[in-house]
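Chain by chain, the residues run as shown.
There are 2 protein chains.
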Amino acid sequence: MTSQQGSESSAASSQHDNGKFNRRPITPAAAQQKIAAYVQPATLEEVKLHEAGGRFLAQSVTAPHPYPHFRRSGMDGYALQAADLAQASSDHIVWLEVIDNIPCGYTPSHEITSGYAARIMTGAMVPDGADVVVMLEMTELRTEHGRTWVGIKRQVEQGKNITPIGLEVQEGDLLLQQGAQIGAGEISVLATFGVHTVPVYRKPRVAIFSTGTELLGVEEPIAPGKIRNSNSLMLAQQIAAAGGEPILLGAIEDKLELARTMMMNALEHYDLVVSSGGVSVGDYDIMGDLVRSGEVEMLFNKISMRPGSVTTGAVKDGKLLFALSGNPGACFVGCELLVRPTIRQMMGSQHDYLPQWQAELGREYVKINSFTRYVRGRLEMENGRLIAYPALLDESNVMVTIKDSDCLIVIPPTSEPLAAGTIVQILRLMDR
Amino acid sequence: MTSQQGSESSAASSQHDNGKFNRRPITPAAAQQKIAAYVQPATLEEVKLHEAGGRFLAQSVTAPHPYPHFRRSGMDGYALQAADLAQASSDHIVWLEVIDNIPCGYTPSHEITSGYAARIMTGAMVPDGADVVVMLEMTELRTEHGRTWVGIKRQVEQGKNITPIGLEVQEGDLLLQQGAQIGAGEISVLATFGVHTVPVYRKPRVAIFSTGTELLGVEEPIAPGKIRNSNSLMLAQQIAAAGGEPILLGAIEDKLELARTMMMNALEHYDLVVSSGGVSVGDYDIMGDLVRSGEVEMLFNKISMRPGSVTTGAVKDGKLLFALSGNPGACFVGCELLVRPTIRQMMGSQHDYLPQWQAELGREYVKINSFTRYVRGRLEMENGRLIAYPALLDESNVMVTIKDSDCLIVIPPTSEPLAAGTIVQILRLMDR
Numbered sequence: 027m028t029s030q031q032g033s034e035s036s037a038a039s040s041q042h043d044n045g046k047f048n049r050r051p052i053t054p055a056a057a058q059q060k061i062a063a064y065v066q067p068a069t070l071e072e073v074k075l076h077e078a079g080g081r082f083l084a085q086s087v088t089a090p091h092p093y094p095h096f097r098r099s100g101m102d103g104y105a106l107q108a109a110d111l112a113q114a115s116s117d118h119i120v121w122l123e124v125i126d127n128i129p130c131g132y133t134p135s136h137e138i139t140s141g142y143a144a145r146i147m148t149g150a151m152v153p154d155g156a157d158v159v160v161m162l163e164m165t166e167l168r169t170e171h172g173r174t175w176v177g178i179k180r181q182v183e184q185g186k187n188i189t190p191i192g193l194e195v196q197e198g199d200l201l202l203q204q205g206a207q208i209g210a211g212e213i214s215v216l217a218t219f220g221v222h223t224v225p226v227y228r229k230p231r232v233a234i235f236s237t238g239t240e241l242l243g244v245e246e247p248i249a250p251g252k253i254r255n256s257n258s259l260m261l262a263q264q265i266a267a268a269g270g271e272p273i274l275l276g277a278i279e280d281k282l283e284l285a286r287t288m289m290m291n292a293l294e295h296y297d298l299v300v301s302s303g304g305v306s307v308g309d310y311d312i313m314g315d316l317v318r319s320g321e322v323e324m325l326f327n328k329i330s331m332r333p334g335s336v337t338t339g340a341v342k343d344g345k346l347l348f349a350l351s352g353n354p355g356a357c358f359v360g361c362e363l364l365v366r367p368t369i370r371q372m373m374g375s376q377h378d379y380l381p382q383w384q385a386e387l388g389r390e391y392v393k394i395n396s397f398t399r400y401v402r403g404r405l406e407m408e409n410g411r412l413i414a415y416p417a418l419l420d421e422s423n424v425m426v427t428i429k430d431s432d433c434l435i436v437i438p439p440t441s442e443p444l445a446a447g448t449i450v451q452i453l454r455l456m457d458r
Numbered sequence: 027m028t029s030q031q032g033s034e035s036s037a038a039s040s041q042h043d044n045g046k047f048n049r050r051p052i053t054p055a056a057a058q059q060k061i062a063a064y065v066q067p068a069t070l071e072e073v074k075l076h077e078a079g080g081r082f083l084a085q086s087v088t089a090p091h092p093y094p095h096f097r098r099s100g101m102d103g104y105a106l107q108a109a110d111l112a113q114a115s116s117d118h119i120v121w122l123e124v125i126d127n128i129p130c131g132y133t134p135s136h137e138i139t140s141g142y143a144a145r146i147m148t149g150a151m152v153p154d155g156a157d158v159v160v161m162l163e164m165t166e167l168r169t170e171h172g173r174t175w176v177g178i179k180r181q182v183e184q185g186k187n188i189t190p191i192g193l194e195v196q197e198g199d200l201l202l203q204q205g206a207q208i209g210a211g212e213i214s215v216l217a218t219f220g221v222h223t224v225p226v227y228r229k230p231r232v233a234i235f236s237t238g239t240e241l242l243g244v245e246e247p248i249a250p251g252k253i254r255n256s257n258s259l260m261l262a263q264q265i266a267a268a269g270g271e272p273i274l275l276g277a278i279e280d281k282l283e284l285a286r287t288m289m290m291n292a293l294e295h296y297d298l299v300v301s302s303g304g305v306s307v308g309d310y311d312i313m314g315d316l317v318r319s320g321e322v323e324m325l326f327n328k329i330s331m332r333p334g335s336v337t338t339g340a341v342k343d344g345k346l347l348f349a350l351s352g353n354p355g356a357c358f359v360g361c362e363l364l365v366r367p368t369i370r371q372m373m374g375s376q377h378d379y380l381p382q383w384q385a386e387l388g389r390e391y392v393k394i395n396s397f398t399r400y401v402r403g404r405l406e407m408e409n410g411r412l413i414a415y416p417a418l419l420d421e422s423n424v425m426v427t428i429k430d431s432d433c434l435i436v437i438p439p440t441s442e443p444l445a446a447g448t449i450v451q452i453l454r455l456m457d458r
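So the sequences go chain by chain: E and D.
My numbering applies: residue 27 is where the first sequence begins, and numbers increase by one.
My numbering applies: residue 27 is where the second sequence begins, and numbers increase by one.
Some hints could be false.
Chain copies aren't distinguished; within one or between two, either way the pair holds.
[Said to hold, decoys possible] Within a straight-line C-alpha distance of at most 20 Å, the following computed SDA-like cross-link-like pairs (lysine to any residue) qualify:
hint, residue 1, residue 2
1, K281, T69
2, K328, E163
3, K281, T440
4, K74, L275
5, K186, S330
It is worth saying that the hints were derived from the structure and are not from the lab.
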């Protein structure tokens, strides 16, 4: 756009020479692939099961025994042989002598043979010989001279109310796949099989800093021309939700030397580095300058997406660095699309990226762009249809709509407005 | 079902007299309402913003200043008066003297008057007098005798690239409502406005214990007739995910005195008590006996739902007690439907219950029941339609399917199987 007739000393031209305007965009998917190729899994640790919630299993787990591992009664009642009830009817009560009482957690004292029964509780171990449990409500009792008989006047099919060994799980069955995220259901399974510690990948320690002379600490009074460093705290929450351990390094002024020191220190001491700010085309594009200086290997410095096209990814000695836009909306999206999957990959997840669904666009979306837009949106279920409403203010620097979003609506490159009702892809935000 | 001709000494009849069979079921919604009437909010505490993730705001927050609080440049370029470009065209470059350079975070040194311009960065404060920012790419520079002029050959509309004061938020606007859950977006907003500590309700301390002589510790070797106490750890994960602080008190044998001591101790020391086991109709229904003994006020001891119909709720001295079924599936559902909302209400949430959506049933569901069934299921998006697949094994004691579920499919009382494709209500599980 700069005039070819302009002076040689034009600031714009000299920036052209720097390559600041000449960034080559790659697609969001290509950026994700480039990153994934450099992800190194975190080291392993063994954690107690009750502290493992949210982590990812580093090894598959198979069943060390069947479940149930004994024949389990599904009812309170009487364990006996079904054949003994062959003649039972409403006119004919069959009486069997009760020779045992088996509460939960006890083992039977007697094998059951024809003519005998054992009182048994729900969940207790069915005695050998018995092939049915008759529910308590179908029985009556008679006691004489210290001996007890149970009376039943119905036939009951063999096997009724007995859960066979291994019904749910056979010994050696795969219980949980490597990479499974550990939630309540996984804990239930692991605890059932006595797996009281689990191997997981460590939580990556993620250094966070912001760049910008305009930045105040969150606790500082507001001042003309200044804004508070909200991005660092927002990123910390996103990184914690992704499973990482956020380390807040604060904010630095727009000075290349400060940025170099901060970045090198962060790359040395932490597993992953995320910065916000200092990537836009301008006089103080310090993260850009740093990456271009060759001290780190640049993976990309432009992505064909809005917001956040000037996002930069780089690697040094196997550690990844993300320089996200300083605009809150762009910073948020960059973290969800790039940083979150990286953290999850480092932790061994098999489901790295935000889950993708389809929904109907809830209102017209008029912005057109040659890049893919990730528009913050809100999902509603209306008459069985999933509707995604784009936020009304969605400029990259509009921060107030982040909180009301539970999805990113993917607007592909288009030259036409999208009508309400159009089917769109949405990425579900998982921290809501 | 017991024969009217049975002996008076029948165990079943004597249990009838105890009221064990005569429980009056209330609906799940009625149970939730009864509980909600007894919930007492936790006490307040002030926490640092970066530690507030997942908590609920105890007070609404309004904006202490507008945002932006200064006229902000949306571009790198030059701030000037739009009227000065009235004659600009591709044939006529307008030259304005550059009298200031305003990086982000600095305040302008000069007011801009006709004939002058200031170099300005994206995000920097627009100087008084200027009413437009012309983007860098539309400009050229000329320097002579230490003075600098910027040349522009287009007209630009007034206001272009300047974000006015208060565009996003006016002073006094409601930023966040009391009860809002604090996620990344909320943190961004609060940090932007300098809210570095927030008032929240304390995390309730939730005592968890299991009852059952059959229970082994998770680390113990398996033994005939025994099972491991998986429910306590599963509940701990569910309670932590709901926002509570789980306190594991372990397992006790089926002895009324032990249960009484455990329950009374738990009610005295913690904010909420959740037990699993000891509620089914049987000889060892100790939690039922305890509640019937009058030491606590019973709210309900049967809910018209499957699994978990024998769930019991009670209150003592304003503290709530939930005695959930010992069956893993029933325990899981009871915690999601009753305990999770209670914890969130204690923490000041405005959205207590699992969010409800509609989906198509992914396969036929044949079980019929006079109670509402909460069937564990998995959501899939197929061709823009949300499909809910019921777990294949969904007996209340089948534990392996919990982990594969991300919703509960609500099957209303019905006497007919539900065909695949039927629209059903689903409750989204939020810990996945």
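Here is how each hint holds up against the structure:
no.	hint	result
1	K281 <-> T69	neither (35 Å within a copy, 46 Å between copies)
2	K328 <-> E163	between (72 Å within a copy, 18 Å between copies)
3	K281 <-> T440	neither (38 Å within a copy, 70 Å between copies)
4	K74 <-> L275	between (30 Å within a copy, 16 Å between copies)
5	K186 <-> S330	neither (63 Å within a copy, 25 Å between copies)
Hints 1, 3 and 5, counting from the list given before, are not met by this structure.
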